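K.L.:
Next come the chains, spelled out residue by residue.
Protein chains: 2
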Amino acid sequence: MENFVFHSPTKIIFGKDTEYQVGSETRNYSKKILFHYGGGSIKRIGLYDKVVRSLNEAGVEFIELPGAQPNPRLSLVKEGIDICRKNNIDFILAVGGGSAIDSAKAIAVGVPYEGDVWDFYSGKVIPEKALPVGVVLTIPAAGSEASKSSVITNEDGWYKRGLNVDIIRPRFAIMNPEITYTLPPYQTACGAADIMAHVMERYFTHQKDVDFTDRLCEATLRTIIKNVPIALKEPENYEARAEIMWASTIAHNDLLSTGRIGDWASHAIEHELSGIYDVAHGAGLAVVFPAWMKYVYKHNIDRFVQFAARVWDVEIDFACPERTALEGINRLSQFFVSIGLPVTLEGLEIPEDRLEEMADKCTNYGSKQIGSFVKLGREDVLNILKLAAK
Amino acid sequence: MENFVFHSPTKIIFGKDTEYQVGSETRNYSKKILFHYGGGSIKRIGLYDKVVRSLNEAGVEFIELPGAQPNPRLSLVKEGIDICRKNNIDFILAVGGGSAIDSAKAIAVGVPYEGDVWDFYSGKVIPEKALPVGVVLTIPAAGSEASKSSVITNEDGWYKRGLNVDIIRPRFAIMNPEITYTLPPYQTACGAADIMAHVMERYFTHQKDVDFTDRLCEATLRTIIKNVPIALKEPENYEARAEIMWASTIAHNDLLSTGRIGDWASHAIEHELSGIYDVAHGAGLAVVFPAWMKYVYKHNIDRFVQFAARVWDVEIDFACPERTALEGINRLSQFFVSIGLPVTLEGLEIPEDRLEEMADKCTNYGSKQIGSFVKLGREDVLNILKLAAK
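Chains as they are written, first to last, in our numbering: chain A, 3 to 392; chain B, 3 to 392.
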């Protein structure tokens, strides 16, 4: 087991009607905030009005910044930084999914920094200060509500890059599963793929004797596998929505990273897909992950057998463990298909003419490797993209 | 699923050589502290010297208070409170297991309170303030290093009572599994029973559709079941010691409580055993828990079948699920026996002449019920103690 530091101080406020607590929770930090959200969905479902009422009742003044979109944009982040500076705002409230939260985190590190906030995402500078961020979550997927991650897309070159630092973990996350009743099936399914990918990025490691986190990972995966089909059939099934929502947080608050080194190659490859083609991140992961698995499984067949047996209940073929390993990968693909996700680039409507460009960008034009389970160079990434094609 | 708030902000610093970080972590909070520990064991294993050196190097002044013992005493807590007040101390460092940490937490709430600190444990007053506490853990068992619990024994009447409030969660917990190499087998086994009991108190609920936390509970139990026999055979097996140590924290930081209501009757009954007879808490739990299970399982056979199947790999007897349920309880007892624990009061050398007194005290002389899975009155507690006798 690797040495680790685990510090996940986000206060989780979970359950029915919890959105009414947003004003009082926010008031613990600030009287004047940026209220950041996406498009009209929070207005359609009545959440916007509830948040506004709760902030008003708590005496919290706010300036609104709507417009956070999937694969959130650097330009909006810069707009948010300007608003905060001009208005002496010292707290960001994000109401939405991973996009609004990631965007809020970027604003939070950008405000106290004199340089270009992209410096943090390009890896040039590590941020030392951040405004506090609070969250009302609407989509279980990115896990950003308790994570140290933020992913932003720079429109200048369509680079999608992540920042991972503890100072951007939200102070509180309000999570009412009822808010997710109106999520369209495709978005529910994309969320499932994102959650599963967060677990699988951590699960595939060569670290031995990390059975505890292995089992916590398996518990999280099985929860998604059981409950997403229920939520798709019965969108207002509270219990299924609640299980998915809570699992999404645990999948990415780093509990499942403890004592081990994650892989994260599939995320890096997917960022090129959604960076260029603006596809849903979860859908991109449903395409990339099985292809990555097929490309790397021979490096540790035992681990893929464990995945097949413990996550998918595949009976182990002791005469040929490789068959079991491949069946596990197959079950993952079948699951994605069963919940309505594409598992090929073709299914995502991504043509094959820019695979080389994506492999280039993903590996900094061949100068660096990605992944940890297996170190991948430019040619490896290209091969995985080709495996994912059809 | 029940609504919940989950907030476990303790910074976990886990792994080899981490004890050298105690000075710098403490320095973030204070320059003058109470250094609280138990007997001579931390000196024998060299930990005392390492802590002193690290505190000195960080420029942290300290006053020592040794003497925390199993079932930590109120009188020592009061001594600690006096020392802190007289010396303007504003931080408590506990180096030890649950006893030193629980005692430190009691001192931490006692210092800023004008009344008798026992008020908090008798349930008369809820504490509002506490000094910050830091921990270097030596025994994986109580889970106190990240929990909101503290259990203290009042020598005046030998009452053993618990306090549960978020303000006493330690700020940091330093956990080096190597420190546990020298734990005697009996103490290792008692720790295992305590950890398993923390999980089982949460596992046995009538709450439906809490499969995620069920599976997290099962993951934790299986980790203990797998690794404790390894640690008993190979006391210096780092991986086994590490798995046990990390599981002990997760068993009791309330992650496994999320969305459900725990039972806690077995803990209440055990507190009477160790309160009067000063037996090891874990050993008391190994006696009480199987007896409690035999007494209550008919109230929810399905849940006990799940316990048998998922935790102990018992093949389900579909013709007679009750047989499966009973086999799960039997496996638990067998496991305790296999790691050297008593499973009867006789094995604990507790005579049967004060069972009525314990049932009285446990239920406030019959005026209150304990437990949640099944509400238990005085007669029920007496019946469970009788079931546990031989």
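Hint data in this document are derived by calculation from the structure and do not stem from the laboratory.
Values in this document were obtained by computation on a predicted structure and should not be read as measured data.
Among the clues, some could well be false.
Since the list can't tell identical chains apart, any single copy or any two copies may satisfy a pair.
Cut-off 30 Å, straight-line C-alpha distance, at most; resulting in silico cross-link-like pairs (BS3-like, lysine-lysine) [unchecked claim]:
| # | residue 1 | residue 2 |
| --- | --- | --- |
| 1 | Lys18 | Lys210 |
| 2 | Lys235 | Lys34 |
| 3 | Lys18 | Lys88 |
| 4 | Lys235 | Lys210 |
| 5 | Lys18 | Lys34 |
| 6 | Lys88 | Lys388 |
| 7 | Lys18 | Lys377 |
| 8 | Lys33 | Lys131 |
K.L.:
Run every hint past the structure and note whether it holds.
P.N.:
Each hint tested on the structure:
no. : hint            : in the structure
1   : Lys18 - Lys210  : between (40 Å within a copy, 16 Å between copies)
2   : Lys235 - Lys34  : neither (42 Å within a copy, 60 Å between copies)
3   : Lys18 - Lys88   : neither (36 Å within a copy, 48 Å between copies)
4   : Lys235 - Lys210 : between (39 Å within a copy, 19 Å between copies)
5   : Lys18 - Lys34   : within (27 Å within a copy, 45 Å between copies)
6   : Lys88 - Lys388  : neither (48 Å within a copy, 72 Å between copies)
7   : Lys18 - Lys377  : between (44 Å within a copy, 27 Å between copies)
8   : Lys33 - Lys131  : both (20 Å within a copy, 25 Å between copies)
The structure does not agree with the numbered hints 2, 3 and 6 stated previously, though it agrees with the rest.
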